[in-house]
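S.K.: These are the residues of each chain, in order.
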Amino acid sequence: MEWFNILMARLRALFRRETVLRDIEEELRVHVEMETETNIKRGAPPDEARAAALKSFGDPSRKTELGYDIRGGGWLETLWQDLRYGARMLVKNSGFTLIAIITLALAIGANSAIFSIINATVFKPLPFANLDRIVMVWERAPGPGAERNSVSVANYLDWREQSNSFVNLAICMYWSANLSGIDTPERVRGYQVSPNLLDALGVKVALGRNFLPDEDQPGKDNVVILTHGLWQRSFGGDPNVVGRTANVNGVARTIIGVMPPEVDFPVGVELLAPMAMTPETMRNRSYHTNQVVGRLKEGVSVGQAQSDLDAIAGRLEQQYPNTNTGCGVGVFPILEDAVREYKTAMLMIMATVAFVLLIACANVANLTLARATGRTKEVALRLALGASCGRIIRQLLTESVILAFMGGTIGVLLARWGVEAFKATLPEEAAGMMPGYNHLGVNSRVLVFTLIVSVVTGILFGLAPAIQASKPDLNETLKDGVGRAGVGRHRLRAALVVAEISMSLVLLTGAGLLMKSFLMVLKINPGVNTDNVLTMGITLPPAKYENDARRRAFYDELIRRARSLPGVESAALINNLPLGQSDSSSIFLVEGVPDPPPGQQFDGGYRVCTPDYFKTMGAPVVRGREFTEADTADSHRVIIVNETLTKRFWPDGDALGKHIGFANSRWEVVGVVGDVKRQMFRPITPDFYLPLAQLTLETMTLVARTRTPPLALTASIRSEIQTIDRDQPVFDVKAMAQVADRMVMPFRALGALMSGFGVFALTLAATGIYGVMAYAVSQRTREIGVRMALGAKRGAILKLLVVKQGMGMTAIGIIIGLAGSIGLAQVLKGMLFGVNAIEWAICAGVTLLLAFVSLSACYLPARRATKVDPMVALRYE
Amino acid sequence: MTKPKAELLQGTLDMLILKSLSLGPLHGYGIIQRIRQLSDELLEVEQGSLYPAVYRIEQRGWISSRWGVTETGRRAKFYRLTKAGSKQLETEEESWDRLALAIAKVRKAV
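Respectively, the protein sequence lines represent chains A and B. Just so we're aligned, residue 1 is where the first sequence starts under my numbering, counting upward by one. Just so we're aligned, residue 1 is where the second sequence starts under my numbering, counting upward by one.
Keep in mind the hints are simulated off the structure, nothing from the lab. It is possible that part of the hints are untrue.
[To be verified] Simulated restraints, written as ranges between beta carbons of each label pair:
#1 A/Ser388 with B/Ser39: 36 to 42 Å
#2 A/Ala384 with B/Ala100: 36 to 42 Å
#3 A/Arg394 with B/Trp96: 51 to 57 Å
#4 B/Glu71 with A/Arg29: 50 to 56 Å
[Stated by the list, open to error] Lysine-lysine pairs mimicking DSS-like chemistry, simulated, CA-CA at most 25 Å apart:
#5 A/Lys297 with A/Lys220
#6 A/Lys523 with A/Lys658
#7 A/Lys523 with A/Lys544
#8 A/Lys41 with A/Lys124
#9 A/Lys63 with B/Lys77
#10 A/Lys55 with B/Lys77
#11 A/Lys41 with B/Lys87
#12 A/Lys544 with A/Lys220
#13 A/Lys297 with A/Lys124
[What the hints assert, rightly or not] Residues from chain A shown here face chain B by an in silico Cβ test under 10 Å; the list is partial:
#14 Ala9
#15 Val30
#16 Gly67
Note that CB positions come from ideal geometry on N, CA and C, so glycine has one too.
So here's chain B without its partners, still in its complex pose (with noise of 0.2 Å):
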């Protein structure tokens, strides 16, 4: 099935991982999941990128991780976000409106 891919900036990932782990504590194929499934199938997640982008967020302390046991009894390490992590959401999600909102000007004009 060919879905139209959009391209994903560097910062842009940190803040669905974050976003998606506000949702509630996810492993990490959970959260390549879960960002396909709020885009409806448009943002897809290599894990080359999510690991990397997971671990440097993890040591920034936005994010923490355990151990834990999936619904199907596999042992799996789950993330949750942290404190620190929701206010550091907060900031880029309003980053991301005023550039969004930017774009959107140039746009418009003609």
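Pulled out of the complex, with its shape left as it was, chain A reads as follows (with noise of 0.2 Å):
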């Protein structure tokens, strides 16, 4: 405590420093006169006793000094004086002031507000106590990209039965959801759960409760619990709804709980409900569509429970070869699977703004400096009266860290803005995609981000020019010349220049790399013409639409309807989307070929679909034909391959008429079509299409191809919809461009923000470039009168200023750039679409820009200076 009284008594000295100058004096002054009493008393005479007094005592000026050093604001006393001294020199300087805060609040407002969506999506998206006992289990399949594969029901039976590891393992799948009874009914983001979720996750309900254990038998499972948001946006935030009814895919649940705001696991989550283990659910193996999150228990680690789980996974294997062979399990951190997806880009992001920050901080050193000339005589001054340099150079720190500290205010409110602009145009889905994303905003641990930034940016662009300027050779300043100091300041600011102009050409390359990247991705064909479709998902809720016959019926019906609007040129139904959120996968057989062993069996897109897909979505059908109405649930069993199979399976012969197995029946190829892509950034697979007549789903997808821009007939289909069955709603109404442009969307923003940066990186280095010309120039202004005088023609001079000096700096700073930029290239190697090593055309074009600006930011003040007369120039001091 001792150091906080101090503190405090500096504090309190620092405002009354008269009153303690004055206490000391008078201190001292009557010690001297008590001694001199003394003095007196031994005999000695007034005069000669106050003399020797006063001679024993020493200086008083000193004494008081001294004292005062010890009782005074020491300090921060200094710092108070440094402050206001910076302050007066900022305000007296105004041009480089508001040039240096307007640049370093840029760099330190784009720092700002990317630190706060990492921060929200990266560092902290989970708000779960005790986060690294939470781990997701996966199973694993032998091959690569396999890691992380959905998990069966029974296989999580077996693992939270046989595995010792955790408190609690629970169980979730996504349920597409249709709520009604409420105003509008709408389709919200369900997920069946084991009872136990919450207790995983740690999370205790903010109304209501929890479920019970046993609420996963079927008939006791009538119940959910809300989330937050959906409370409030659904059902008015109504603080009794805990009892009252939701109507959930046509069936009534009770509301039993109400989540605290802020969980957002599973992702997107809006609704939970009891998984029912019916028998059937319990034993089934095969069907991987359920992830699994557990808690671990105290002093498990995850190789602990990995372990553990591989043994069982063993043993499962052995009792159930025919789905479980080569099954294995993975476990892994929660965190780190949430951010798995966007990690990288984020982090990447993040080097980036790191970058342009140094950039801005090398050329507001440069500005630093070309002030610091001005005030040699200033800083000479005060260095001959005696302040020692380490004094000089905390001035001027100070005065950077007022500069920076300024440039972060502003800075953070240009965070603030920024941030706000990001959330508007990410589209809606990435609050599904991204946990974390709502509570997005600069919050106080930005704030202390920024401050630390700012601090630390202060220091570091003052610190160099500061040292440089705390050593003027004091002769020659004071006598006006034009000191030898010049050459060290100019060394300085050149190789400032160097650097900003070697980072501009990272940063550059890799805004160019992630161009070229966003145009190969567009370049991908996907095997479908995503002009002019509209797409909108349907759940027919089993509870009122019980078998296949009445969900045919409504699709039936759907379809004729859709057809017959006038801007509709055709339409058809489809279980999932290409290149869409969803994706179904399935093992098939193959006639005429030899059932593969367990596995190794042969997988593929499993697609269900009605007739006139293919044409709807403007992908070719090669052999063969559509599915037709005559395609019914009676006839014989038919599927359409892509080539990709054909061409695997069957290379030489004819795919029509050869058989397909699966679900346990015989399948007769009668048409082969064009590949689709099922996923933008995997390779095609070998894909079939079932007639959905024959296979009738409850969720299906509407595309229908239109004649006008396709959302503008949303409003018709949505009515006709409504006038086969009111309560239906749809969802996830989209063009199909915009399916597409999901998958892009990231590289394209990514290209976008990095070009952005690498624009602004470029104007920083281009007017670092021009001032430190500006200067060395005029350096040598008599020089140069000098020869031209001498018959020196203006072409010669330029070709010595421009080249020699200016494009000098350039060459350095390009060469080692490039190096950088090599080396970033191998680092993005890994992430980038399409991108190789060494983009030489992407390397040549940005050095070319950069060498062309330096160039001009050179030229123009040479030109300038040849153009002055020569006489005027040899006058020039």
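Please assemble the complex out of the two chains, which come individually in their own frames, going by the hints.
M.R.: If you want it as structure tokens, here you go:
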């Protein structure tokens, strides 16, 4: 607590300087008088007594100073003085101050904005306590890219029963739920979960209660828990919502609880219901549709849980060779899983803005150095009067920090605005993809970050100039000459410019690579024509549509009505859109090809569609035909396959007439269609299509090729659906182009962002070069005058100045920058699509751009210098 | 008069000041007198070292000061020990004793 007392004392003294000084003086004076008295008592005459006392005491003003050193404001006071002085100086040089603050505000603001985004989505997206105890458990299939497979219920149950590593192991399955009985029926993102899910996550309901352990028994499971968002939105935040009924998929369920806000797991969840454990469900080992999350016991590590489950998986493989061969387990901490998809991109952006900040620092450092030239006299004077080097440096550094701090304050405001803009431009599904998206904003953490960054920035760009400025050649400067210190200063500035150029080069190359990646992505051929196609999803609740016939009736009526609309060219239904968020795959057998051993089954995309689907989507039927009305529930089973499938299994023969085995039936191939991409960045697989009439699913997506822009027809199609069934909502209404765009959007956004930063960096570098050149040229004005007077041609001088000085810096900067770019390309190689290790075109282009910008920036001041009358130049001081 | 003067270390001076004030409040000059008295003229504190030490101690909150009047009617600044100060005095005396003991042991070794 001592230091606290001292701090307080110094603080007090700061405000009462005069009083403290006088107090000390008085006390010392009294001391001298007392000593004088003593001397007198000892017999000395008054004058001598006083003289002796004074002598033994020493120099009073010096003693006062020493006393004040201890009692006075101390470092606080010097700081305060520095602040006031610095502020005064900054106001005096308002031009410099303004430019510096703007530059810093933009750079620091960008960093804050990016940090707040990263903070929400990467660092703390999940608000659960003891996050490190929570893990995701996935199935693992052999082969690449199969580390995280969805889990089947039976496997989950066995893991739960046989494992000792978990306090809770919970399962959840995405469940598209139609919510009605409220103002507007809507479809919500529901999840069917085991009753212990919230326990596994460590979440307590805000209202009501959690599920009871027996509520996963069929018959007891008519309960739901709402999320905070859904409660507010669709139930008006009703405080008495617990106990009310919600009509979900046509079945009345009791609302038993509301989750606290900010719980966003599973991602995008709006509604929780217990997963009914019917005997069928519990036995099901082949439908892999679930996510499993668990809470590790105290003291159990992820590795231990992994080994534990590996052993269990091994046993299951033995027990159920048909379904579980090659089926392993993967345990991952939940945070890692959640951010996996976009973590690298985010970190890359963070690195970029950090770079931009460095460039901005170099620029402001250059500006500071330039200004320091004007202050050499002031500094020299202070040094001559006895100020220490350290004091000067401290004072100059304080100015820099003030600048950075002000830049940072404005930067925070810019960041707030930027983050809001970012939220506005992201599509709505981002909320479903990025946990933590919902509480994205400039919060206290971001403010602290900004503060630290500001201070570090201030020191970073202020230190070198401050040290430089505190070492002028005293004699020369005071004598009004052009000091030799100018050379050292110039070298430093040149070095800064070289740094700026090389960093800009790296940044611009990064931007170029991203843009190229974006263009390559655009070129991917999805296999369908995505223009003018409207899509929307429909789920037919089993309560209302209990069997295939009823569903078929609805679908047939829907297609009929949709086709009859004037704006619609053709319409069809499909279970999963190409390039979409949902995808289905299945194993199958091929006639004429021996059945593969378990673990190496044939696997491909499994699609269900209506007649005219391929016509609607613009996928070419290369052999045979589409499904027709003649393919009904009672006619023989037919199937359409894609080209990849035929090439793989029947490369020589004709696919038509052959059979595929699926779901315990044989299906005859009646058509071959062109390859369609299931997922944007995955290779084409052997896919097959079944007619909806013969395999009638509950959830389908309507696709309609329109004559007008697709979304315009949403209302008419919706009303047709309402005519068939008043309570039937649709979800995910989108134009196909939007679906495809969703995959492209990150590349486009990244490319645009990086390009923006690249341009900013380029501007900074250009101004930096310009400033240094202008200064260098002004230093040599006299020399130029002499040369011109002696007959040198303007061109020669320009060459001298521009080429030797200016472009020299640029060349070095470019060489260093190229080295950095190559390194960057290596790093980005894995992350970017369609980008090779060394993209010569991009490197060359960026280099030329920089060289051109440099050249212009050098040329202008040099040109101006040669225009000056030699006589004037000669007399220039 | 020649008196053998003992050299004083920084921390020791603090302890002596605190000790002298533990016997009653004093002004600066008085502290010097008392220390001289108590040590039988062996310790003479220079004013140059006294006041900085006193100010430092005061900043730490071990002594407090107040302007008062001496017996001779002169205005002077008096210092008195605070509660924190007397605790500090105890601590310092203990560590000093330990140090002295340790050094004595080393000295006694042959």
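S.K.: For each hint given before, does the structure comply? Return the numbers of the non-compliant ones in rising order.
M.R.: 2, 3, 4, 5, 6, 7, 8 and 11
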